[in-house]
Amino acid sequence: MPSTVLDRKAEKRFALVDCNNFYVSCERLFNPSLIGKPVVVLSNNDGCVVARSQEVKDIGIKIGMPVFRIYEPIKRYDIQVYSSNYSLYSDLSGRVMSTLAYFAPDVEIYSIDEAFIDLSEFRYRDLTEYGSEIRQRVKQWVGIPVSVGIAPTKTLAKLANRIAKQSNSGIFDLSVYPSIDKILSQVDVGDIWGIGFKYADWLRDRRITTALDLKEAHEGLIRSKMGIIGLKLQRELKGESCLSMELVDNPKKGTCASRSFPQAINNLSDLQEAISSFTYRAAEKLRRQKQAASVITVFARTSPFRDNFYSNSATTELALSTNYTIDLSRTTAQLVESIYRKGHNFKKAGVIFTGLVSDRQIQGSLFDTNDDEAKMRSRNLTSVMDTINEMYSRDTLRFASTGVIQVWKTKSEQRSPRYTTCWQDLLEVS
DNA sequence: TCTGGGGTCCTAGGACCC
DNA sequence: TCTGGGGTCCTAGGACCC
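For the first sequence, numbering that gives the first Met the number 0 begins at 0 and goes up steadily by one.
Keep in mind that the hints were calculated from the coordinates and are not lab data.
Watch out, some of these pointers could steer you wrong.
As the list claims (entries may be wrong) - Simulated crosslink set (DSBU-like; lysine-lysine; CA at most 35 Å straight-line): (1) K224 <-> K289; (2) K61 <-> K284; (3) K61 <-> K252; (4) K251 <-> K284; (5) K284 <-> K408; (6) K56 <-> K164; (7) K164 <-> K138; (8) K347 <-> K181; (9) K138 <-> K74; (10) K61 <-> K197; (11) K138 <-> K284; (12) K61 <-> K224; (13) K347 <-> K252; (14) K289 <-> K347; (15) K410 <-> K251; (16) K11 <-> K224; (17) K347 <-> K410; (18) K61 <-> K289; (19) K138 <-> K224; (20) K231 <-> K11; (21) K181 <-> K284; (22) K237 <-> K224; (23) K36 <-> K224; (24) K341 <-> K410.
Produce the complete structure using the sequences and hints provided.
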């Protein structure tokens with residue numbers, strides 16, 4: 000009796016809490032007139048759709064669609080269009096996550112709008128009720144609607160969350176549902192967490208079209224194509240927990256700053272400005288993470304949607320790890336020159352830092368000049384800039400090498416005010 | 001005309017060693 | 001002309017996530 004086996008093994012309970020249409024919900028929180036209207040939020044450069052209200056989903060607009068392809072429905076349905084306002088979203092995300100911490104000791108923040116909660120300790124309680132409590136509390140304290148899916152494994156909790164989203168209650172506990180297989184047979188294989196485009200196609204070619212098919216597929220076959228990840232996924236579908244909670248904040252292995260340009264760049268000096276600015280941005284991240292980089296990559300490419308696609312990158316290793324913008328800029332400036340080729344229209348570029356170490360244990364080197372005074376100047380300048388930019392706003396102080404005109408600067412024409420993170424943008428009540 | 005940004009993990013294959 | 005076996009380490013590339 001398979002269900003008995005599952006019951007005996009099912010000692011764990013994971014909840015996946017996911018904010019509904021998160022970016023749209025954030026916009027609506029500060030602008031209630033948007034409630035009930037179709038709303039989309041766009042990616043950087045106002046390029047693609049990254050969030051949709053239910054009304055927009057019902058119209059059939061898909062995630063990732065370029066905005067120029069949906070001008071017609073935007074007009075016809077009077078869709079409200081917003082640029083991304085990441086400072087607002089990350090602030091509200093933080094409030095949601097701290098609310099969740101009241102419900103269980105172990106909360107894993109999985110993304111800006113999702114968290115896993117380990118409810119194993121509470122498994123003899125009525126978790127449907129507990130989940131409803133979580134929903135109500137987040138709605139009351141933060142104002143963001145969430146859905147809660149509960150199951151014996153993370154993969155099944157993801158799946159339960161999809162079902163929760165479609166229900167009126169916004170909560171679904173798969174572990175008390177009488178027939179998990181019946182549910183799995185109704186889930187498209189491409190909708191499983193961990194199955195992307197490529198794997199979905201490959202599986203469908205082999206007549207594995209539902210989650211139930213995948214659960215029952217031959218292990219060797221799955222292993223041959225998807226490796227260990229595929230096997231774990233399959234076991235998770237069987238109710239055997241293979242993915243544990245990741246509670247420690249692991250240090251990052253790489254940090255990157257890159258952007259697409261609203262208009263293609265066809266000269267070296269604009270590209271240099273852009274790279275200089277990305278270097279500053281990425282170095283800022285390193286310092287915030289208390290890390291320093293030893294390997295630096297600069298890349299640039301033309302549009303993949305045009306003919307004559309061109310892409311190039313160059314990497315160099317530093318003798319001494321650092322997180323000072325000035326030191327890093329010297330290297331990125333050289334690298335960008337080495338990859339630039341005349342005659343190409345560059346549409347995107349970026350800086351990637353890897354070989355990251357904690358900035359407390361920066362390795363010394365034979366080639367270190369030991370110029371303590373220069374080092375001290377770098378450090379002082381950097382910390383002054385960081386402090387001022389944090390107090391006022393980003394880019395209050397920046398290097399002249401990042402340019403004045405900044406033709407490459409990201410477009411963001413419909414951004415809502417930064418209600419919660421910027422004094423000038425505080426909501427006024429009259 | 002106009003198509004995001006920032007990550008993670010795994011694996012195959014090559015270089016190299018004894 | 002003959003052309004091992006086993007191991008490690010590193011990297012590029014491919015897949016995935018939100």
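Outcome of the hint check:
Between K224 and K289, the direct Cα distance comes to roughly 38 Å. Violation of the 35 Å bound is thereby established for this hinted pair. For the hint pairing K61 with K284, the CA-to-CA distance comes to about 32 Å; that is within 35 Å, so the pair holds. Only pairs whose Cα atoms come within 35 Å are accepted, and K61 paired with K252 is accepted, the gap being roughly 32 Å. For a cut-off of 35 Å, the pair hint linking K251 to K284 stands: about 11 Å separates their Cα positions.
Among the hinted pairs, K284 with K408 is consistent with the structure: their alpha-carbon atoms are about 19 Å apart, no more than 35 Å. Restraint check for K56 and K164: the C-alpha separation of about 13 Å stays at or below 35 Å, so the hint holds. Distance check on the hinted pair: K164 and K138 sit about 15 Å apart at the alpha-carbon level, within 35 Å; holds. For the given pair, K347 sits about 46 Å from K181 by alpha-carbon distance, which is inconsistent with the 35 Å threshold.
As the CA atoms of K138 and K74 are separated by approximately 32 Å, the hinted pair is consistent with the 35 Å bound. Proximity of K61 to K197 is assessed by CA-CA distance (about 19 Å); at most 35 Å being required, the pair is judged to hold. Straight-line distance between C-alpha atoms of K138 and K284 comes to about 31 Å, which keeps the hinted pair within the 35 Å bound. With a CA separation close to 29 Å, the supplied pair K61 and K224 stays within the 35 Å bound.
About 22 Å separates the Cα atoms of K347 and K252, which keeps this hinted pair within 35 Å; it holds. Distance hint between K289 and K347 is fulfilled; the C-alpha atoms sit about 28 Å from each other, no more than 35 Å. A distance of roughly 28 Å separates the Cα atoms of K410 and K251; the hinted pair therefore holds under the 35 Å criterion. The suggested pairing of K11 with K224 holds, with an alpha-carbon distance near 29 Å, which does not exceed 35 Å.
Restraint check: the Cα-Cα separation between K347 and K410 comes to about 13 Å, which is no more than 35 Å; the hinted pair holds. Taking the CA atoms of K61 and K289, the gap is about 39 Å. The hint is violated against a cut of 35 Å. Under the criterion of a C-alpha separation no larger than 35 Å, the hint pairing K138 with K224 is inconsistent with the structure, at around 42 Å. Restraint check for K231 and K11: satisfied, since their Cα atoms lie roughly 16 Å apart, inside the 35 Å limit.
Among the hinted pairs, K181 with K284 is inconsistent with the structure: their alpha-carbon atoms are about 46 Å apart, more than 35 Å. Note on K237 and K224: the hinted pairing holds, with a Cα-Cα distance of about 19 Å set against a maximum of 35 Å. With a C-alpha separation of about 44 Å, the suggested pairing of K36 with K224 is violated against the 35 Å cut-off. For the suggested pair K341 and K410, the alpha carbons sit about 25 Å apart, so the restraint of at most 35 Å is met.
Hint check: violations occur at hints 1, 8, 18, 19, 21, 23; the rest are consistent with the structure.
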